[in-house]
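Trainee: Each chain, written out:
There are 2 protein chains.
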Amino acid sequence: MKPEFIPIRNYISQFICITDSEWAIHEEKLTKRFFKKGEFLLKPGEVCGHVSFINSGSFRSFSVLEHEERTYFFAFENEYVTDYESFLSRQPSPNSIQAMEDAEVLQLSYEDMQYCYEKIPVWQKFGRLIAEYIYMGVSKRAYNLQTQTPEQLYLKILNDSPKLVERVPQHYIASYLGIKPESLSRIRGRLAATRN
Amino acid sequence: MKPEFIPIRNYISQFICITDSEWAIHEEKLTKRFFKKGEFLLKPGEVCGHVSFINSGSFRSFSVLEHEERTYFFAFENEYVTDYESFLSRQPSPNSIQAMEDAEVLQLSYEDMQYCYEKIPVWQKFGRLIAEYIYMGVSKRAYNLQTQTPEQLYLKILNDSPKLVERVPQHYIASYLGIKPESLSRIRGRLAATRN
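Top to bottom, those sequences are chains G and Y.
To convert a position in the first sequence, counted from 1, into our numbering, add 86.
To convert a position in the second sequence, counted from 1, into our numbering, add 86.
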């Protein structure tokens, strides 16, 4: 197996046992693509046609509403990035997905995903487990948005996802928390003062 | 087939083709249960052990945070109700699920769900499609919470789910929108004034 396929096979193997012959069916449908920092994987109004496994780099999903950016999620190496809602529904997405750093991804198209569901029986189980996994993530996010203050949300990020704070520009994190960059600066100031 | 199984079989058949013999495996694992209005299907600190298909009645999921109720979803007849996150993760839920009206449900336990995954090959596909479906719902909710004002959210409910406004007490709807009952009254007043 080419080294570029090792991370994705490891990732999938966390969810299901896949034989070499089943893997081969999936692997031949993968397409390698590169994104320059700032390049768009998805633009508003497009149907998201792929799931993309990130070999390196990172992405951000966002939209612009009333001249303000709202950030929905970040994605890093060794995970998938997609607009899952648009991918599943075949409806245009109102959102963008943009590379935050130069990135290499392995893409599987919607049609090839259906092909895998047909040809690889265990792929249904993978689809179920990954849908459940993604559900848990977005459900947690909805819960946090409804129950936590921006400061609590930021503390959670510091605690659970330190790489996010290291690799993502502050104003993106602010828009992910639903606040202005100035408010995030104040929160950071308060937290630093508490620590001293 | 007993009439009480017709709605759930119809519901499942929207997602997959299930043969009579496959159906029989599932049906024998279903348990009928009744809930009086106000009775709890799930209490905080419990692991949600079932998915419950609602034959009649309705439920609400909520939690109490800093003496304030937050409502996460409502569920009505002809759909499932569960704390899906707790059900999937086998972790205690911080939330309650309570009957808003007298209710009859058909319950499938977590263990019997796994049994169905083993014994009914097409059940994996059902699990995938239902997980995707539930994902779409919660994803839309997270998106709306992040992008809409309470007034816009209320208008959406009026438009998309009129039965919710008819059957759910106002203060539950307010807590679903993340606002105080007085604020919902003001929104309703404004909307009524606009309409006249």
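It is possible that part of the hints are untrue.
When chains are identical, the list treats them as one kind, so a pair holds in a single copy or across two.
Unchecked claim - Mimicking PhoX-like on lysine-lysine, the simulated pairs with C-alpha atoms at most 25 Å apart in a straight line are:
#1 K88 - K242
#2 K205 - K115
#3 K118 - K266
#4 K242 - K226
#5 K122 - K242
#6 K205 - K118
#7 K242 - K205
#8 K88 - K118
#9 K266 - K249
No wet-lab data here; the hints were simulated from the structure.
Trainee: Now look at each hint and say whether the structure bears it out.
Mentor: Going through the hints against the structure:
no.	hint	result
1	K88 - K242	neither (37 Å within a copy, 50 Å between copies)
2	K205 - K115	within (12 Å within a copy, 30 Å between copies)
3	K118 - K266	neither (37 Å within a copy, 51 Å between copies)
4	K242 - K226	both (12 Å within a copy, 23 Å between copies)
5	K122 - K242	neither (30 Å within a copy, 39 Å between copies)
6	K205 - K118	within (22 Å within a copy, 37 Å between copies)
7	K242 - K205	neither (41 Å within a copy, 41 Å between copies)
8	K88 - K118	within (12 Å within a copy, 53 Å between copies)
9	K266 - K249	within (21 Å within a copy, 37 Å between copies)
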